[in-house]
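**Q** Please model the complete structure; the sequences and the hints are all you need to start from.
2 protein chains.
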Amino acid sequence: MNAIKVGLLGIGTVGGGTFEVLRRNQEEIKGRAGRGIEIAMVADLNSERAKSIVGDGVPVVSDARQVIANPEIDIVVELIGGYGIAKTLVLEAIAAGKHVVTANKALLAVHGTEIFAAAREKGVVVAFEAAVAGGIPIIKALREGLAANRIEWAAGIINGTTNFILSEMRSKGLDFGTVLKEAQRLGYAEADPTFDIEGVDAAHKATLMSALAFGIPVQFDKAHVEGITQLQATDIKYAEQLGYRIKLLGITRRREKGIELRVHPTLIPTTRLIANVEGAMNAVVVQGDAVGTTLYYGKGAGAEPTASAVIADLVDITRLATADPDHRVPHLAFQPDAISSTPILPMAEVHTSFYLRLRVADRAGVLSKVTTLLAENDISIDAMLQREAAEGESQTDLVILTHETTEGRMNTALVQMQALDTVLAPIVRIRKEELA
Amino acid sequence: MNAIKVGLLGIGTVGGGTFEVLRRNQEEIKGRAGRGIEIAMVADLNSERAKSIVGDGVPVVSDARQVIANPEIDIVVELIGGYGIAKTLVLEAIAAGKHVVTANKALLAVHGTEIFAAAREKGVVVAFEAAVAGGIPIIKALREGLAANRIEWAAGIINGTTNFILSEMRSKGLDFGTVLKEAQRLGYAEADPTFDIEGVDAAHKATLMSALAFGIPVQFDKAHVEGITQLQATDIKYAEQLGYRIKLLGITRRREKGIELRVHPTLIPTTRLIANVEGAMNAVVVQGDAVGTTLYYGKGAGAEPTASAVIADLVDITRLATADPDHRVPHLAFQPDAISSTPILPMAEVHTSFYLRLRVADRAGVLSKVTTLLAENDISIDAMLQREAAEGESQTDLVILTHETTEGRMNTALVQMQALDTVLAPIVRIRKEELA
Chain A
1 MNAIKVGLLG IGTVGGGTFE VLRRNQEEIK GRAGRGIEIA MVADLNSERA
51 KSIVGDGVPV VSDARQVIAN PEIDIVVELI GGYGIAKTLV LEAIAAGKHV
101 VTANKALLAV HGTEIFAAAR EKGVVVAFEA AVAGGIPIIK ALREGLAANR
151 IEWAAGIING TTNFILSEMR SKGLDFGTVL KEAQRLGYAE ADPTFDIEGV
201 DAAHKATLMS ALAFGIPVQF DKAHVEGITQ LQATDIKYAE QLGYRIKLLG
251 ITRRREKGIE LRVHPTLIPT TRLIANVEGA MNAVVVQGDA VGTTLYYGKG
301 AGAEPTASAV IADLVDITRL ATADPDHRVP HLAFQPDAIS STPILPMAEV
351 HTSFYLRLRV ADRAGVLSKV TTLLAENDIS IDAMLQREAA EGESQTDLVI
401 LTHETTEGRM NTALVQMQAL DTVLAPIVRI RKEELA
Chain B
1 MNAIKVGLLG IGTVGGGTFE VLRRNQEEIK GRAGRGIEIA MVADLNSERA
51 KSIVGDGVPV VSDARQVIAN PEIDIVVELI GGYGIAKTLV LEAIAAGKHV
101 VTANKALLAV HGTEIFAAAR EKGVVVAFEA AVAGGIPIIK ALREGLAANR
151 IEWAAGIING TTNFILSEMR SKGLDFGTVL KEAQRLGYAE ADPTFDIEGV
201 DAAHKATLMS ALAFGIPVQF DKAHVEGITQ LQATDIKYAE QLGYRIKLLG
251 ITRRREKGIE LRVHPTLIPT TRLIANVEGA MNAVVVQGDA VGTTLYYGKG
301 AGAEPTASAV IADLVDITRL ATADPDHRVP HLAFQPDAIS STPILPMAEV
351 HTSFYLRLRV ADRAGVLSKV TTLLAENDIS IDAMLQREAA EGESQTDLVI
401 LTHETTEGRM NTALVQMQAL DTVLAPIVRI RKEELA
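From first to last, the protein sequence lines stand for chains A and B.
full-length UniProt numbering puts the first sequence at residues 1 to 436.
full-length UniProt numbering puts the second sequence at residues 1 to 436.
Hints listed in this document are in silico derivations from the structure and should not be mistaken for laboratory results.
Just so you know, these numbers come straight off a predicted model, no measurement behind them.
The beta-carbon is built from N, C-alpha and C at its ideal position, and this holds for glycine as well.
Any given hint could turn out to be false.
[To be verified] Label-pair restraints from in silico Cβ distances:
| hint | chain 1 | residue 1 | chain 2 | residue 2 | range |
| --- | --- | --- | --- | --- | --- |
| 1 | B | GLY279 | A | GLU182 | 50 to 58 Å |
| 2 | B | LYS172 | A | ALA436 | 21 to 29 Å |
| 3 | A | TYR83 | B | ASP221 | 29 to 37 Å |
| 4 | A | GLU388 | B | LEU420 | 28 to 36 Å |
| 5 | A | GLU152 | B | SER47 | 34 to 42 Å |
**A** Quick look at the structure:
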């Protein structure tokens, strides 16, 4: 059987990795897929660099539309990124009857509903294993491997840059700014790291996970997005003393009234496997009602790990070529007629426990006022840590771990505690999850 | 569309779990599969108990052949276990044109070649996600999620009973016999625990992983199988002091001249995620050339975790019903014409590093003799630990970690060291893997 023909839109890091892995492992891949997978055309604005990567055998063009218009091409791989031209090209490829493979989480988290509908209409597949957690086959796990389960929640370290920064802050006791610069020097953070450090990239991925886990449409605009730029070394240290690590988690959880969808720094018990995922690695924990807790770990970025996911999608599509489109794995795990209208909950209704750090006057009665306010808001205390004021100091840190409550209740309590004249600085509040 | 009809052979723990999860999550599962999945007939020798589980709606028979002969049944789920009648029934179901789902690792590790060939001949699927690591979708990861990769090795904690025992031995400092009794009392070990504690169950699973990872036929008879019955609390303690945990691993690794396939207690650096998998949990690490290291963690046994895998297979088969059989995922990951004849290496050619514990006379020159013998066999030393002999004692423990060598060389060195008159007891030898 002839090789299936692939057109590549964009041959940067991931495109180059995809080309290289397809070339290097062509025998293995053909042995699995039952058919060769061949990159037949490449489009890149920098066609000189593109030619230097793919050599003479593969036509390189600067106009992506030439790839889409090529009747030989069965599958278009979009590796341009972003919401702009990438969206236009993906929709054009679908309209031309091509299957699409993309690593573009931003595009799918924001425009997924439109894109998947167009693909269904045309009877083609839009595959995106590379869009969440790079080389880890987490989308396959959520869509297929755990298909028996009512998923309860999924929570992941799904941004390598921020996990690298948090790992360095903890192990070296450094502050955020210093480590960010180091991460940029080492290539773990981009020159403009905003999307990573502000939690946007993780929120794109969490949005896709929420859709796959709960059969709801992608709703990035409803996600709560909070990054790590405000995180202080002090809190990482206190958390450690209390038996917790702080990780930037993307979390989506089913509650009675709706779905939680949020990205924020989170205290996790050090005894959990995911708390020990360090450096730029990714990991996702999924809780299903039948299977219990499962965890998936690996590299979330990089040329070849991401290529591994792109090519897995290519192999799947190669196999699916002869299947009745209605019997393929649905884009968002559930069949279109089974998509649920369960709402994403507003942040005020989200349930978590909290870590609080109050800078307080070292004076009798402070603790009693704080605990009274918490009690009045029906927030109970799990643990407390009060640093003894150093000789001659008039201030000290009061650290509190609460039991689970709602964000709304905590917001009210925070305003009241902040108003106390013995609370001397903005209260630090970090959410905490047991993940059990 | 009508529900797909499933016949269950055996409704014990896993069968009962499968029935319950299919019932409880029927809406979710149908939403994913696009079609209901219905247990239409159950065969169990204990038909009274079976009836008490499935109620009135489902016909229960004591003769499995009535299920196989039922023209309404599309998929037969074999949950009887063992090599005997289960093999006959699986082959008969295939001959009757039924797809088969099984959790029977023993059957497939030993008779897989015959069974998969029969299935191919008939154009039906034999699915076995539940056969390795219970609810963890590791077979899907190896066959599909990592399809881009040349797999380098896979290593897993794939027997919960032994991992529970090892975890208890370490955390409580108890010996094997004591913990085994406790495990039996708690239901973590069976009345006859031989298959678990002697490593046979793990070897069945490792055999399946070797076939899936490297495209070789299942060859259980070539696996090296070593259990945990000889393991002493002393060695767990020394390993801990050196920064290692001891786990029973199933390991399969590609080498230049062939494939390693082995189950044995193994020292793993405590810093590895898999070293921290405790209790009855399972985890598998897979190293691919593109993706790097990935890890999959979850419950490896139990009614509902195993049912989760059985049902994932049912969903896959439901979808595949309309696919050209040649385009389905191949049973052993690779197409029949791509199956490799790479041999399984004899144990003497396997490469590992080693932990050695020698009971030696507390006398000058002992260390020099031992290290000389190792050097003469070209085995280099990575670390050493010598306990000071207690006051009045004439013996002490000498613990050595070696760099990587072959099993054959180590065997020679062991015979020579054992012959020294200053070595006073059988030398303890445990293999060590860095898993990086």
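**Q** Please go over all the hints and tell whether each is borne out by the structure.
**A** Structure-based check of each hint:
1. GLY279/B - GLU182/A: 50 to 58 Å: Hint violated: Cβ distance 38 Å, outside 50 to 58 Å.
2. LYS172/B - ALA436/A: 21 to 29 Å: The hint (21 to 29 Å, Cβ to Cβ) holds, given that LYS172/B and ALA436/A are roughly 22 Å apart.
3. TYR83/A - ASP221/B: 29 to 37 Å: Violated, since TYR83/A and ASP221/B (Cβ atoms, about 57 Å apart) do not stay within the stated range.
4. GLU388/A - LEU420/B: 28 to 36 Å: 59 Å, violated
5. GLU152/A - SER47/B: 34 to 42 Å: 35 Å, holds
Of the numbered hints listed earlier, those contradicted by the structure are 1, 3 and 4.
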